[in-house]
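Sequences and hints are given; from them, build the entire structure.
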Amino acid sequence: MIEVKNLHKAFEGEEVLKGIDFVFERGKTNLIIGQSGSGKSVLLKCMLGLFVPDQGSIEYDGKPFSEFSEDEKKDLSKQIGMVFQGGALFDSMTVEENVLFPLRMFTKQSRNKLMKRVQEVLKRVNLEGSEKKYPSEISGGMQKRVSIARAIVNRPKYLFCDEPNSGLDPKTATVIDNLIQEITREYDITTIIITHDMNSVLEIGENIAFLKDGVLAWKGNKDMVFKTEDESVTDFIYSSKLFKKVRTAQLKGY
Amino acid sequence: MNYLHSIGEYFLMLKGVFGRMTKRSVLKDLIFKEIDDLIISSIGIVAFLSFFIGGVVAIQTALNLTNPLIPKTLVAYAARQSVILEFAPTFISIIMAGKVGSYITSSIGSMNVTEQIDALEVMGINSLNYLIFPKVIAMLTYPFVIAISMFLGIVGAYTAAVLGGFVGPDAFIEGLQNDFDPFHLTYAFVKTFLFAFILATVPAYHGYYMKGGALEVGQASTTSFVWTSVVIIVTNYIVTQLLLS
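Taken in sequence, the protein lines are chains A and B.
So the first sequence is residues 1 to 254, counted in the numbering used here.
So the second sequence is residues 1001 to 1245, counted in the numbering used here.
There's no promise every hint is true.
Selected chain B positions facing chain A (Cβ under 10 Å, derived; list incomplete) [said to hold, decoys possible]:
no.	residue
1	Arg1020
2	Lys1023
3	Glu1174
Source of the hints: derived by calculation from the structure; they are not laboratory data.
Virtual Cβ for every residue (Gly too), placed ideally from N, Cα, C.
Printed below as a string of structure tokens:
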């Protein structure tokens, strides 16, 4: 569980986060949604320790990050898995080497044991047979799956995903969403996903934080999304005609 | 102010490069890979350039020695001095700023724009150490490239001077040995080590701190070549002033 309390962050005098309070629950897919510039990425980077908040605190399983010693911070980074928007796979390494990388950096096990774990994770994300391929030789959806495999290979406690299905076709995007949700439950981890994709919100939104202009404007889950009367949320989520129709149908009980 | 900011940022980068170390076994593999990418792959072009430039230096010196009172051995002497003192260490380093420097900037720059550096940081890895330290260590073998360049430059001069009929083989060897000062080799290798460090770190700085996309990676490579060359030339002047004057 990650708890954000009264989080403030400004850049060159401009306040980007204006007192965010939210609990990202363990074993659930926690979504951060909002328009571009609403502060989602800054919030994520604060949680990853890449930005230092100006005010407020971030607690990892009850312990504030500001109270972590250097060794504890190092340990925490080993418990974090991250799926980047573009995958961020290392171009010069094969699929197998990419997944092996965090294990090689942080464990002292024999190569055989490490390879066994790599195979296990690649199998979990349905990537058997692609071990020797380079990122440039596989599709965008496969790259995302490699990225997920690399993020979970060290059995992290926290999984962060920055728009994991951007640039993917709807079917592949749903596969990726479901894979992340399954892994979250299977590993009982705290998963935090930044997304613009309303399909994801309706598919895997177990705990949703909606940011607007640096403020937490709404929180809830995928079922509450249909019922909310909050105009800022409905404006954002039901901006497309398709979703407006879906909502109307839902409200009418179809 | 921008220049001052960049200089400060460069030195802070160096602090990071020698900061928290990457796991030794991983670092060892990276160093060997960098030696292959930066040094071994450059030997061919360095050998080719050195041989022919050595030859051209010998021919031009011979063609300008029209006074019969000046001994022909001077062709070898001039070729040796030009190759050891300037051509091999400085001229080859400028060429390497284009070849190796652009490679370093574009490879780190591409990692930057595709969030691979962020991925390293999130994993708790000191990305500066992981990416740049192996390059600095690999470039410690750069003086071997310069030694090869010196040797082939003189072989080129010998070939051009003797086969061109400008000097006899004995006179060339005699000229090569005339007034040889071993300190000139020390001077050449001292500056080669400094150039090696510059070649590894200045392009890395331009790649690591670049912002933007693919177009900016190309621009960063060009800027990196210009600045690496400028720093090499200025360092060459300072070292020459300190060691030879």
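Take the shortest C-beta to C-beta distance between lysine 1023 of chain B and chain A; is it under 10 Å?
holds, 6 Å
Is the hint on glutamate 1174 of chain B kept, meaning its closest Cβ partner in chain A is under 10 Å away?
Interface hint status for glutamate 1174 of chain B: violated (51 Å vs cutoff 10 Å).
Hint status (Cβ of arginine 1020 of chain B to nearest Cβ of chain A, threshold 10 Å):
holds, 9 Å
When the structure is compared with the earlier hints, a violation turns up for hint 3 alone.
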